[in-house]
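> Spelled out from the first residue to the last, the chains are:
Protein chains: 2
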Amino acid sequence: MSVSFLENLEKIEPYVGGMPIQELSRKIGIPEDQIIKLASNENPYGISKKVHKAISEYEEYFLYPDGSGFDLVNKISEVFNLKPNQIVLGNGSNDILELCARVVANHESEIIFSEHAFAVYGLVTKAVGAKEIVIPALDFHHDLDGFFKAITKKTKLIFIANPNNPTGTLIDQQKLFEFIQKVPSNILVVIDEAYEEYLEAHLKSKVFLWLEEFENIIVSRSFSKAYGLAALRVGFGVGSSKTISKINQIRQPFNVNSLAQIAAIESLNDLKFVEESAIKNNEQKKILEENFNNLNLLFIKSYGNFISFSLGSPSTALRCYEYLLNKGIILRPISNYGMPDFLRVSIGTEEENKIFIEKLTEFIGNTK
Amino acid sequence: MSVSFLENLEKIEPYVGGMPIQELSRKIGIPEDQIIKLASNENPYGISKKVHKAISEYEEYFLYPDGSGFDLVNKISEVFNLKPNQIVLGNGSNDILELCARVVANHESEIIFSEHAFAVYGLVTKAVGAKEIVIPALDFHHDLDGFFKAITKKTKLIFIANPNNPTGTLIDQQKLFEFIQKVPSNILVVIDEAYEEYLEAHLKSKVFLWLEEFENIIVSRSFSKAYGLAALRVGFGVGSSKTISKINQIRQPFNVNSLAQIAAIESLNDLKFVEESAIKNNEQKKILEENFNNLNLLFIKSYGNFISFSLGSPSTALRCYEYLLNKGIILRPISNYGMPDFLRVSIGTEEENKIFIEKLTEFIGNTK
Numbered sequence: 001m002s003v004s005f006l007e008n009l010e011k012i013e014p015y016v017g018g019m020p021i022q023e024l025s026r027k028i029g030i031p032e033d034q035i036i037k038l039a040s041n042e043n044p045y046g047i048s049k050k051v052h053k054a055i056s057e058y059e060e061y062f063l064y065p066d067g068s069g070f071d072l073v074n075k076i077s078e079v080f081n082l083k084p085n086q087i088v089l090g091n092g093s094n095d096i097l098e099l100c101a102r103v104v105a106n107h108e109s110e111i112i113f114s115e116h117a118f119a120v121y122g123l124v125t126k127a128v129g130a131k132e133i134v135i136p137a138l139d140f141h142h143d144l145d146g147f148f149k150a151i152t153k154k155t156k157l158i159f160i161a162n163p164n165n166p167t168g169t170l171i172d173q174q175k176l177f178e179f180i181q182k183v184p185s186n187i188l189v190v191i192d193e194a195y196e197e198y199l200e201a202h203l204k205s206k207v208f209l210w211l212e213e214f215e216n217i218i219v220s221r222s223f224s225k226a227y228g229l230a231a232l233r234v235g236f237g238v239g240s241s242k243t244i245s246k247i248n249q250i251r252q253p254f255n256v257n258s259l260a261q262i263a264a265i266e267s268l269n270d271l272k273f274v275e276e277s278a279i280k281n282n283e284q285k286k287i288l289e290e291n292f293n294n295l296n297l298l299f300i301k302s303y304g305n306f307i308s309f310s311l312g313s314p315s316t317a318l319r320c321y322e323y324l325l326n327k328g329i330i331l332r333p334i335s336n337y338g339m340p341d342f343l344r345v346s347i348g349t350e351e352e353n354k355i356f357i358e359k360l361t362e363f364i365g366n367t368k
Numbered sequence: 001m002s003v004s005f006l007e008n009l010e011k012i013e014p015y016v017g018g019m020p021i022q023e024l025s026r027k028i029g030i031p032e033d034q035i036i037k038l039a040s041n042e043n044p045y046g047i048s049k050k051v052h053k054a055i056s057e058y059e060e061y062f063l064y065p066d067g068s069g070f071d072l073v074n075k076i077s078e079v080f081n082l083k084p085n086q087i088v089l090g091n092g093s094n095d096i097l098e099l100c101a102r103v104v105a106n107h108e109s110e111i112i113f114s115e116h117a118f119a120v121y122g123l124v125t126k127a128v129g130a131k132e133i134v135i136p137a138l139d140f141h142h143d144l145d146g147f148f149k150a151i152t153k154k155t156k157l158i159f160i161a162n163p164n165n166p167t168g169t170l171i172d173q174q175k176l177f178e179f180i181q182k183v184p185s186n187i188l189v190v191i192d193e194a195y196e197e198y199l200e201a202h203l204k205s206k207v208f209l210w211l212e213e214f215e216n217i218i219v220s221r222s223f224s225k226a227y228g229l230a231a232l233r234v235g236f237g238v239g240s241s242k243t244i245s246k247i248n249q250i251r252q253p254f255n256v257n258s259l260a261q262i263a264a265i266e267s268l269n270d271l272k273f274v275e276e277s278a279i280k281n282n283e284q285k286k287i288l289e290e291n292f293n294n295l296n297l298l299f300i301k302s303y304g305n306f307i308s309f310s311l312g313s314p315s316t317a318l319r320c321y322e323y324l325l326n327k328g329i330i331l332r333p334i335s336n337y338g339m340p341d342f343l344r345v346s347i348g349t350e351e352e353n354k355i356f357i358e359k360l361t362e363f364i365g366n367t368k
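Sequence order for the protein chains is S and R. Counted from 1, the first sequence has number 293 at position 293 by our numbering; the numbering is strictly sequential. Counted from 1, the second sequence has number 160 at position 160 by our numbering; the numbering is strictly sequential.
The hints are simulated quantities; they were obtained by calculation from the structure and are not laboratory data. One or more of the hints may lead you astray.
Any copy will do: because identical chains look the same in the list, a pair fits if it lies in one copy or spans two.
As the list claims (entries may be wrong) - Cut-off 20 Å, straight-line C-alpha distance, at most; resulting in silico cross-link-like pairs (EDC-like, lysine to aspartate or glutamate):
id	residue 1	residue 2
1	K27	D71
2	K242	E10
3	K131	E7
4	K354	D33
5	K50	E290
6	K75	E23
Construct the complete structure from the given sequences, taking the supplied hints into account.
The structure is reproduced here in structure tokens:
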């Protein structure tokens, strides 16, 4: 007999991340420092100097982390004007998304999310044995009316990505509010705001202000993007104290490592770094958009730190991906998001983007 | 309506770790550097200098970790003579234990483990909605005959801790082998070897040698104990390629942070540090045992880096815990392990142990 693994695992294709720099270096023999990775929506400006200082002063590697994340939870509560019992820390926001599924959904449940939405929603749905209800996108946007119509008695969870990755689309706050008003209050609504920091002031999320009114919403936030802490793994969830306490029941006791906690605290002490990263990102985004226009490449207007652009066919997209790889530039193919004609490029520094555009222009020229 | 949380969560009491130093410092107003924490089985000798150097040279905090853990997996495979596809990395070995439950067990399953065994087994069992089958211990030891008799068609997983925490007891390798031979091969057997590094040569685990013969065993190992990397969160699982691939299907793609991967690799390049930590631990363990004997305190012979000793009654144990807390010494109460008369002390440095024994002797003297 072989081990009786759960049947729901059969359908799971593990997540494919951006190719690590080391992996491409091994593959094509280019030194690591000559490789440009624009594949994982990281912050190309690194981390704040304050964070770097705090990390370099850390010594107590042999001690377990504070499992309650006391200091970081308090810092988040102070910065975002929340109560500590509305906050839970995650090993990246991925951990928060998974925990949300695991507190409400099992083999009898349905979980709703959009076509072209972040891949982890499907993965955690399958992992808990629930049924995926994937709502077709409207021109790459979430169709919230479609979400609402798909709600059944079995619906336990709705994932909304705002902005969404990999499309970069944004839902208007008023529309989102109206949707949440309509959703039955027994259904947990996860609003994934991993790219919130890149939004301009007039577009910022107001969801934290709705927490009093709606006990069934939970926001996930990430330190992996604009804060520049992807390597360390830390994110957080914000919801009703009831939801947070349920998540704490099954959260791994030491899910967030000590250095991540310290770095996240210090990054909240230097929000100027985050704001400046967002400003530079948005300037560079405009330049990339102009270049895509010049190259007659269709792209989706993005509110994040990445742009998905179309090469017109799956085969051209694949050839373009490989052409750039061989030049030491890593993008992200997104055929697994139902977008095989597209590639997603993370917005790099001015210099990185210049090289990317140069090589992309070369590729387009060659294929004409 | 309130959110429909899963019913199986009702029964879960979250894990209670050792009190963090900062927390005691806040509570009783003693500076952090005057507090001795002997509560979480950490390595009081810190980390290897090589590890420290590798950590201090790290810069790429803004990049995602290598989700496949390529370099660390290869290093583990080299050091322990395993194939890379027999290895999976975890965010601490806690992550491995949880993933094992999540690939085989659901609300229809039973999971077997021992009374007084590591608390996480019960937590992950409840979190997947499975039934806990807790086998009464025999004088604090795992009763493997009892385990075998408890197997039913619903049994999907067996947790064995060797050595066990918090009792410190060890199962003889021959007995363990005979048990595994008898267990139906569709049941996953997890052998948790978090304290393996503290065993003397003639007692070391041989389980890696049994992997060819038994596809249904998986070993979990930790870098949080003798390797001194508790703050960073990294452990690993070793099993058949089939089991590892199932775990990879639901493992969070970036579950192990970059610094943990680098530190773990470097710690495997300095096994001398680990061996020396174990030798010092075992010397200090003898001294603590002598002191417990002198104080007429019953203790359980331990094969780990901790000793559980009895104060004779739950109320005395609690008073002793609080007496020591007020002196700045943190032990671990283990009433939640069904051992309310006991306290568990992690074996510290010579200096830490001296202070602990001095204050414990004071307490015993006061209570006479």
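> Does each hint hold? Answer for all of them.
Consistency of the hints with the structure:
1. K27 <-> D71: Close across copies (14 Å), not inside one copy (42 Å); limit 20 Å.
2. K242 <-> E10: between (33 Å within a copy, 12 Å between copies)
3. K131 <-> E7: Close inside one copy (13 Å) and across copies (19 Å); limit 20 Å.
4. K354 <-> D33: Cα proximity of K354 and D33: one copy only (17 Å, versus 51 Å across).
5. K50 <-> E290: neither (35 Å within a copy, 49 Å between copies)
6. K75 <-> E23: between (37 Å within a copy, 16 Å between copies)
Violated hints amount to a single one, hint 5; each of the other numbered hints is respected by the structure.
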